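Protein chains: 2
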Amino acid sequence: MRPKPLSGFPEFLPGGRIVELAVLDSLRETFELHGFASVETRAVETMASLTRKGEITKEVYVVRRLHAADGDAADDLGLHFDLTVPFARYVQENAGHLAFPFRRYQIQKVWRGERPQEGRYREFTQADIDVVGENALAAHHDIEVALVMLEALERLHTRFGLPPVVMHVNNRKLAEGFYRGLGVDDHMAVLQRVDKLDKIGPDAVRALLVDEVGMADADAGTCLELATICTADTSFVERVRALGVRHELLDEGLDALADLVAAASAAVPGRLVADLKIARGLDYYTGTVYETEMVGHESLGSICSGGRYDALASDGKRTWPGVGVSVGVSRILVPLIAKGELTASRSVPTCVLVAVDAEETRGEAMATATRLRARGIPCEVAPKADRFGKQIRYADRRGIPYVWFSDGSVKDLRSGEQVPANPDAWLPPDADLRPAIRPRG
Amino acid sequence: MRPKPLSGFPEFLPGGRIVELAVLDSLRETFELHGFASVETRAVETMASLTRKGEITKEVYVVRRLHAADGDAADDLGLHFDLTVPFARYVQENAGHLAFPFRRYQIQKVWRGERPQEGRYREFTQADIDVVGENALAAHHDIEVALVMLEALERLHTRFGLPPVVMHVNNRKLAEGFYRGLGVDDHMAVLQRVDKLDKIGPDAVRALLVDEVGMADADAGTCLELATICTADTSFVERVRALGVRHELLDEGLDALADLVAAASAAVPGRLVADLKIARGLDYYTGTVYETEMVGHESLGSICSGGRYDALASDGKRTWPGVGVSVGVSRILVPLIAKGELTASRSVPTCVLVAVDAEETRGEAMATATRLRARGIPCEVAPKADRFGKQIRYADRRGIPYVWFSDGSVKDLRSGEQVPANPDAWLPPDADLRPAIRPRG
Numbered sequence: 001m002r003p004k005p006l007s008g009f010p011e012f013l014p015g016g017r018i019v020e021l022a023v024l025d026s027l028r029e030t031f032e033l034h035g036f037a038s039v040e041t042r043a044v045e046t047m048a049s050l051t052r053k054g055e056i057t058k059e060v061y062v063v064r065r066l067h068a069a070d071g072d073a074a075d076d077l078g079l080h081f082d083l084t085v086p087f088a089r090y091v092q093e094n095a096g097h098l099a100f101p102f103r104r105y106q107i108q109k110v111w112r113g114e115r116p117q118e119g120r121y122r123e124f125t126q127a128d129i130d131v132v133g134e135n136a137l138a139a140h141h142d143i144e145v146a147l148v149m150l151e152a153l154e155r156l157h158t159r160f161g162l163p164p165v166v167m168h169v170n171n172r173k174l175a176e177g178f179y180r181g182l183g184v185d186d187h188m189a190v191l192q193r194v195d196k197l198d199k200i201g202p203d204a205v206r207a208l209l210v211d212e213v214g215m216a217d218a219d220a221g222t223c224l225e226l227a228t229i230c231t232a233d234t235s236f237v238e239r240v241r242a243l244g245v246r247h248e249l250l251d252e253g254l255d256a257l258a259d260l261v262a263a264a265s266a267a268v269p270g271r272l273v274a275d276l277k278i279a280r281g282l283d284y285y286t287g288t289v290y291e292t293e294m295v296g297h298e299s300l301g302s303i304c305s306g307g308r309y310d311a312l313a314s315d316g317k318r319t320w321p322g323v324g325v326s327v328g329v330s331r332i333l334v335p336l337i338a339k340g341e342l343t344a345s346r347s348v349p350t351c352v353l354v355a356v357d358a359e360e361t362r363g364e365a366m367a368t369a370t371r372l373r374a375r376g377i378p379c380e381v382a383p384k385a386d387r388f389g390k391q392i393r394y395a396d397r398r399g400i401p402y403v404w405f406s407d408g409s410v411k412d413l414r415s416g417e418q419v420p421a422n423p424d425a426w427l428p429p430d431a432d433l434r435p436a437i438r439p440r441g
Numbered sequence: 001m002r003p004k005p006l007s008g009f010p011e012f013l014p015g016g017r018i019v020e021l022a023v024l025d026s027l028r029e030t031f032e033l034h035g036f037a038s039v040e041t042r043a044v045e046t047m048a049s050l051t052r053k054g055e056i057t058k059e060v061y062v063v064r065r066l067h068a069a070d071g072d073a074a075d076d077l078g079l080h081f082d083l084t085v086p087f088a089r090y091v092q093e094n095a096g097h098l099a100f101p102f103r104r105y106q107i108q109k110v111w112r113g114e115r116p117q118e119g120r121y122r123e124f125t126q127a128d129i130d131v132v133g134e135n136a137l138a139a140h141h142d143i144e145v146a147l148v149m150l151e152a153l154e155r156l157h158t159r160f161g162l163p164p165v166v167m168h169v170n171n172r173k174l175a176e177g178f179y180r181g182l183g184v185d186d187h188m189a190v191l192q193r194v195d196k197l198d199k200i201g202p203d204a205v206r207a208l209l210v211d212e213v214g215m216a217d218a219d220a221g222t223c224l225e226l227a228t229i230c231t232a233d234t235s236f237v238e239r240v241r242a243l244g245v246r247h248e249l250l251d252e253g254l255d256a257l258a259d260l261v262a263a264a265s266a267a268v269p270g271r272l273v274a275d276l277k278i279a280r281g282l283d284y285y286t287g288t289v290y291e292t293e294m295v296g297h298e299s300l301g302s303i304c305s306g307g308r309y310d311a312l313a314s315d316g317k318r319t320w321p322g323v324g325v326s327v328g329v330s331r332i333l334v335p336l337i338a339k340g341e342l343t344a345s346r347s348v349p350t351c352v353l354v355a356v357d358a359e360e361t362r363g364e365a366m367a368t369a370t371r372l373r374a375r376g377i378p379c380e381v382a383p384k385a386d387r388f389g390k391q392i393r394y395a396d397r398r399g400i401p402y403v404w405f406s407d408g409s410v411k412d413l414r415s416g417e418q419v420p421a422n423p424d425a426w427l428p429p430d431a432d433l434r435p436a437i438r439p440r441g
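The listed protein sequences derive, respectively, from chains A and B.
Under this note's numbering, the first residue of the first sequence carries the number 1, and numbering increases by one thereafter.
Under this note's numbering, the first residue of the second sequence carries the number 1, and numbering increases by one thereafter.
Mixed in with the good hints there might be a few duds.
One copy or two, either will do: identical chains are not told apart, so a pair holds if it fits within one copy or between any two.
[To be verified] Taking lysine-lysine and the DSS-like style, the derived pairs with C-alpha atoms no more than 30 angstroms apart in a straight line are:
no.	residue 1	residue 2
1	K339	K109
2	K384	K317
3	K390	K317
4	K317	K199
5	K390	K109
6	K4	K109
7	K4	K317
8	K339	K384
Treat the hints as calculated values from the structure; they're not laboratory data.
Source: prediction; values computed, not measured.
Given the sequences, and given the hints that come with them, work out the whole structure.
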């Protein structure tokens, strides 16, 4: 019997994996160009550290040794459900060995014990960048992480044809200052209801604000007007001002958000908007918040989110504020690859198959392959000295573009052209050296 | 309070992680040069598939959703303890979509619920290569996987100064044929006792062969003589012949092993020996077996092992024979990095820190960094417009070799030399572009 896939645990066939590797390499390239250092944390955290946020508890996968003694506290472990909790622990554990501000990227699997459904996985890959300071962290890092991530996502678009993205940003200070300016004390209560705007619509949110938070109907309406403001330039500032609310914190939030929008519209025009309905409800963000949609794939939800924390970690004496964003790599790639919207030109790294005339001359074919590899050309030697038609079919099935023959010629399987070539000098066109990643059509 | 590391779950500081990434990249490069395709499998397998080998059971980490209903069979999962079981399952699950012989590499974490001790981890990284056929797999792949892995390990030696290795190979057919030639029926019983040679010594093994397997003392002695044969060339064949044992299977094993030794001594001289005591006791290998020692670090045990299976997987109708080897990346790197025997020249990818004169001119510094990045130079902009001495210290603490100033000059922090430079043309020496990995001394 053939084993069945496990629901919620996506795996790629080799061609899909080549697409995924190219995407991960490209993300890493951008992050490293900006000086972010790689961190990889263990897959497990203590349950105490995973369950600090009450509502996440139900999603955690608990991990135990099969024959662990009952009550063995050392075995009280769970798989991490994001890369923020582990990173906060890593920073605190290693603070004495890190240089702050510390800029790291982290590309790893995470696990959530959710009921699997469209776009929800139990195991998936995330790519996070964060900048974390010791006791203080300058505001320009809020701009930096957005620009770095947009550059990374833009490169995926131009390089491989992934859909373009639009990042939606807001600032918690702006919202908090606005609500306080309206006389609201519990700004989180307002924020959490505004966060439901896309799900339940403006009328229902307005009713909640009046009934549950006790706002005057006119004030609730003003909050909804704030939430409808969405601009690709800094004109949102004037539109907020026109609502007539004043508060010091509101000014601070407006300034910070305007700086971010101005920087992004210069660096990556059209890819970032100030969207004042973005709330990111229950997360403990204290400044900028980020969400990102992939154009034409809005139903996937946010493929890249994050924000600023005043305290990513704290040990009582010291506090580590941080700002970061996280891309849902699997959330993007699993559907695009499954639907064939993103493919690799071949299912193997191999650029050249070296044909074998007879098993007795396999050594010569191996020597030819070694000479090609010495100049960085991925090669394999045909597994069997079959007739050439069969060896060509071996290459063709895998998408290998070239076959090398012992008479010193190389055949391009796409054009059919066969030319004499020297294994110490021949090079394929750059585009053929690695598998190409292409969108459909 | 500072969180404490979890015993058995090693994590690297950023500098160590740079070493690990360089090693993983280099392994991948070699595997891809030989046409091996990447496969990544989910972290979990069903407990049924993990516990098929009885004695492994105690090491498995069981994974359950925190609020799983009791007896929910879908949650009967465990973390994989190697990459062979998952790969066998992947091959069987996807056989219809794979082209055979299928060549794959797989670099992933694995988990074992062992008592942590020196050199034993509960979470560690392995890098495997395997070639798997459908119903048949040619013998030359036994040679290929050894040569590819030796090339990969040799590259780590020449490129980064990792210690050189010696691969010890044997062939189960050789041993089985030899024991059968001596009239033994249960060759596995002999093999498992000979496997204890290094641990308990020849006298104790001889006693076990006589007392437990029921061999004549002289035959037990002949088995021990076989086990002492270890040659870097094919002279082992004559030494085995001289023991006077004859069997068809022995001939087959001798021929196969001689081919492997001859090929390796031509391709990577001095890195492979025929070592007829290698048994790999309980594993289900049926032909070539591989173990590898790192010179000067023999106490680590085998850092790279594997062998041939007649049936890596089987579904009753079809069988998938395979041959492969697995490097214990963490087993090699964790001690070398912890002892400072392998270091990175810097703890960040950054090659150039662009200094900031004043917060008002941060945009200009960012523009300079963008121009440098456009030509592949990893840059960051100083986080604060401190006096230059402090900005230079920021770079120095992280090992960043160059600081760029707004007057259009770049300073090499190692030589102290400062020269005028154009951000659209300047390039660092190749060796400075990425962090260098170096051995101590």
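**Message:** Hint by hint, where does the structure go against what was stated? Just the numbers, ascending.
**Reply:** Hints 4, 5 and 8 not satisfied by this model.
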